[in-house]
Amino acid sequence: MSEKLLDKEIRKQVEEVLSNMKDRVSVIFFVSKERCEFCETIEKLLGELSELTDKLTIRKVSASGEEARSLDIEMTPAIVPLTADGNDKGVRFYGIPSGHEFGTLLKTLVDFSAGATPNISEKTLERLDTINQPLDIKVFVTTSCPYCPKAVLTAFNFAFANSNITASMVEASEFEELSKRFGVSSVPQVVINSSRSFVGAFPEEQYLDEVMKTVAR
Amino acid sequence: MSGFEVGGLGFAKEAKDKYDVIIIGGGPGGITASIYAVQGGLSPLIVERAIEGGQMNNTETIENWTGFKSISGVELSERMAEHARHFGVDFVSSEVTGISQDGDKNIVLLETGKQIEALVLIIATGANPRKLRVPGEREFSGKGVSYCATCDGHFFSGKHVAVIGGGNSSMAEALYLSKIVERITVIQDLPKLTADKMLQDRVKALNKVEFLLERRVKEIRGDDKVRSVLIEGPDGKEEELETDGVFVLIGTTPNSEFLSSVVERDEHGYIKVNAKKETNVPGVYAIGDVIQKEVRQIATAAGDAAIAVHHAILDNFN
Numbered sequence: 001m002s003e004k005l006l007d008k009e010i011r012k013q014v015e016e017v018l019s020n021m022k023d024r025v026s027v028i029f030f031v032s033k034e035r036c037e038f039c040e041t042i043e044k045l046l047g048e049l050s051e052l053t054d055k056l057t058i059r060k061v062s063a064s065g066e067e068a069r070s071l072d073i074e075m076t077p078a079i080v081p082l083t084a085d086g087n088d089k090g091v092r093f094y095g096i097p098s099g100h101e102f103g104t105l106l107k108t109l110v111d112f113s114a115g116a117t118p119n120i121s122e123k124t125l126e127r128l129d130t131i132n133q134p135l136d137i138k139v140f141v142t143t144s145c146p147y148c149p150k151a152v153l154t155a156f157n158f159a160f161a162n163s164n165i166t167a168s169m170v171e172a173s174e175f176e177e178l179s180k181r182f183g184v185s186s187v188p189q190v191v192i193n194s195s196r197s198f199v200g201a202f203p204e205e206q207y208l209d210e211v212m213k214t215v216a217r
Numbered sequence: 001m002s003g004f005e006v007g008g009l010g011f012a013k014e015a016k017d018k019y020d021v022i023i024i025g026g027g028p029g030g031i032t033a034s035i036y037a038v039q040g041g042l043s044p045l046i047v048e049r050a051i052e053g054g055q056m057n058n059t060e061t062i063e064n065w066t067g068f069k070s071i072s073g074v075e076l077s078e079r080m081a082e083h084a085r086h087f088g089v090d091f092v093s094s095e096v097t098g099i100s101q102d103g104d105k106n107i108v109l110l111e112t113g114k115q116i117e118a119l120v121l122i123i124a125t126g127a128n129p130r131k132l133r134v135p136g137e138r139e140f141s142g143k144g145v146s147y148c149a150t151c152d153g154h155f156f157s158g159k160h161v162a163v164i165g166g167g168n169s170s171m172a173e174a175l176y177l178s179k180i181v182e183r184i185t186v187i188q189d190l191p192k193l194t195a196d197k198m199l200q201d202r203v204k205a206l207n208k209v210e211f212l213l214e215r216r217v218k219e220i221r222g223d224d225k226v227r228s229v230l231i232e233g234p235d236g237k238e239e240e241l242e243t244d245g246v247f248v249l250i251g252t253t254p255n256s257e258f259l260s261s262v263v264e265r266d267e268h269g270y271i272k273v274n275a276k277k278e279t280n281v282p283g284v285y286a287i288g289d290v291i292q293k294e295v296r297q298i299a300t301a302a303g304d305a306a307i308a309v310h311h312a313i314l315d316n317f318n
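Keeping their order, the protein sequence lines are chains A and B. Those letters in the first sequence? Residues 1 to 217, by my numbering. Those letters in the second sequence? Residues 1 to 318, by my numbering.
So here's chain A without its partners, still in its complex pose:
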């Protein structure tokens, strides 16, 4: 177990990315008692990340407790980043953020350290502002999909912009039942409010068009 997940070269790159962190970020890692293929790896990964910056705190918490209920944790393993003020922005990683999704995790940590403010156009912000009821965006990914990070990060930015919106990365291979339920066979597949879905990493405006179709109904 002494061997690191991240090799020396990657650690150097990670350190450089995380050096952009402005404020502290705390990450809650929710686990349950059920068998979990990647839980140990995720815990180790988060631990290694916290060695590479002094701005990251990791807490491992049981998914059967009060905190999981209040944060509405739907399944495990789940990773929830919080801003320095302890703000939940509705952002979740369900499953391991490895492969291309590792970059998504790093980017998200840096974003949270800056208060998780959205980096999207004024027009998109205005349209998102009109959403006044809960909206859930789940982005199904595989860790070998190069187009997926963009689809996840767009959803996260929408969540940053409006507190009615929750956005999750779902690593499809770890949640087979759920993936089957939504008929996922190509990624990224974006599922909105467990009803509507679309496949592909759409540009911001088109992505929002799809999201708004659900709101309009």
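A couple of the hints might just be wrong.
Said to hold, decoys possible - Only pairs whose alpha carbons sit at most 25 Å apart, straight line, appear in this in silico BS3-like list of lysine-lysine: (1) A:Lys22 - B:Lys114; (2) B:Lys143 - A:Lys213; (3) B:Lys143 - A:Lys180; (4) A:Lys180 - B:Lys114.
Said to hold, decoys possible - Some chain B residues well away from chain A (every beta-carbon gap over 10 Å; in silico): (5) Glu63; (6) Ser70; (7) His83; (8) Glu95; (9) Ser100; (10) Asp102; (11) Lys192; (12) Phe211; (13) Gly236; (14) Asn255; (15) Val262; (16) Glu264; (17) Gly269; (18) Asn280; (19) Val295; (20) His311.
Unchecked claim - Covered by chain B, per the in silico footprint, the following chain A stretches (three or more residues, Cβ under 8 Å): (21) 117–131; (22) 146–157.
Because the hints were derived from the structure by calculation, they are not lab data. Quick reminder that beta carbons are idealized off the backbone N, C-alpha and C, glycines included.
Model the placement of chain B on the given structure of chain A, informed by the hints.
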């Protein structure tokens, strides 16, 4: 699980308002151009909408990039991006939503509404998978029809899939899929495969791949997901082949639609360039898979980049 890719997204800092060169597209062409630009004394920005390395990320192994006997597409992408970052190249993660000219300046409009200007623009937007354009293709896209084996192969574990196309990308993806799926049927419209011989031999050596040559896919059929493909043989006879998935790997189509009113393109959408890799618009260059040319390879994209930057410097910055 597939390692840990840092990616460029985490590095993306706030882009400045002005650069010497803006490169649209962060594949091997775009990244090489950025490195030559820095070495030529220019400040470059790469605008990438998805991920550095572009299509290389969809290639499991690359064995024709000199210096690496065999390297994964993801790793080569990372290494190229790291090379550019080492020279201080700025990356920004965004779609380009528009390009305009103001005098001799080029102005690039990003998704966020931000405008960035540069004297020189290099278009390195590459290409996307080409569609079959048959009935059922769009309907079953995401329900068994896929254009990215590395993305979606996982969902076909233990199943039978059809791989459409007989070129390099299709054979490479068949090799990748062979580790996941139970059985593969390669369907090619020509009388022979067009992939490099070494690659063909490797696929042929697998005992789970069947080849149907001179067969044209006419339709993709199914219910809530793909069930079969209708194919037509050389004698015009049709047959229905049962399958759980269809991987369409029949070449590419250029990412140049958003440039239709900016630069001259051929009837397929490939951008026309001269020997300097310059388009019909002075100061706007184009390189890699998006231009009109015969050989679309990592090596030729990198070659285009070196040529374009050389001339861009000579003609615009002295």
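For each hint, the structure was consulted:
1. For the hint pairing A:Lys22 with B:Lys114, the CA-to-CA distance comes to about 23 Å; that is within 25 Å, so the pair holds.
2. With a C-alpha separation of about 21 Å, the suggested pair B:Lys143 and A:Lys213 falls inside the 25 Å cut-off, and the hint holds.
3. Only pairs whose Cα atoms come within 25 Å are accepted, and B:Lys143 paired with A:Lys180 is accepted, the gap being roughly 11 Å.
4. For the hint pairing A:Lys180 with B:Lys114, the CA-to-CA distance comes to about 40 Å; that exceeds 25 Å, so the pair is violated.
5. Here B:Glu63 stays apart from chain A, with its beta-carbon at least about 19 Å from theirs, past the 10 Å limit.
6. With 10 Å as the threshold on Cβ separation, the claim that B:Ser70 sits away from chain A holds: the shortest Cβ distance comes to roughly 18 Å.
7. Consistency note on B:His83: stated as away from chain A, and its beta-carbon is indeed over 10 Å from all of that chain's, at 12 Å minimum.
8. A Cβ of chain A approaches the Cβ of B:Glu95 within 10 Å, the least distance being about 4 Å, so the stated non-interface status is violated.
9. Every CB of chain A lies more than 10 Å from the CB of B:Ser100, the least distance being 17 Å, so the non-interface label holds.
10. The beta carbon of B:Asp102 sits about 21 Å from the closest Cβ of chain A, which is more than 10 Å, so the claim that it is off the interface holds.
11. Against chain A, the non-interface label of B:Lys192 holds: every CB pair exceeds 10 Å, the least being about 30 Å.
12. Annotated as non-interface, B:Phe211 keeps its C-beta farther than 10 Å from every C-beta of chain A; the closest such distance is 24 Å.
13. No beta-carbon of chain A comes within 10 Å of the beta-carbon of B:Gly236; the shortest separation is about 32 Å.
14. No beta-carbon of chain A is positioned within 10 Å of the beta-carbon of B:Asn255; the least distance is around 12 Å.
15. With a cut of 10 Å on Cβ distances, B:Val262 stays outside the contact zone with chain A, its closest approach being about 18 Å.
16. With a cut of 10 Å on Cβ distances, B:Glu264 stays outside the contact zone with chain A, its closest approach being about 24 Å.
17. Its beta-carbon lying about 18 Å from the closest one in chain A, B:Gly269 satisfies the requirement of being farther than 10 Å from that chain.
18. Listed as a non-interface residue, B:Asn280 keeps its Cβ farther than 10 Å from every Cβ of chain A; the least gap is roughly 26 Å.
19. Listed as a non-interface residue, B:Val295 keeps its Cβ farther than 10 Å from every Cβ of chain A; the least gap is roughly 23 Å.
20. Every Cβ of chain A is farther than 10 Å from the Cβ of B:His311; the closest lies at roughly 31 Å, confirming the non-interface assignment.
21. Judged by the Cβ-Cβ criterion of 8 Å, the stretch 117–131 of chain A is covered by chain B as claimed, because 5 of its residues qualify and three suffice.
22. As drawn, the stretch 146–157 of chain A meets chain B at 6 residues by the rule of a beta-carbon pair under 8 Å; at three or more, the given contact holds.
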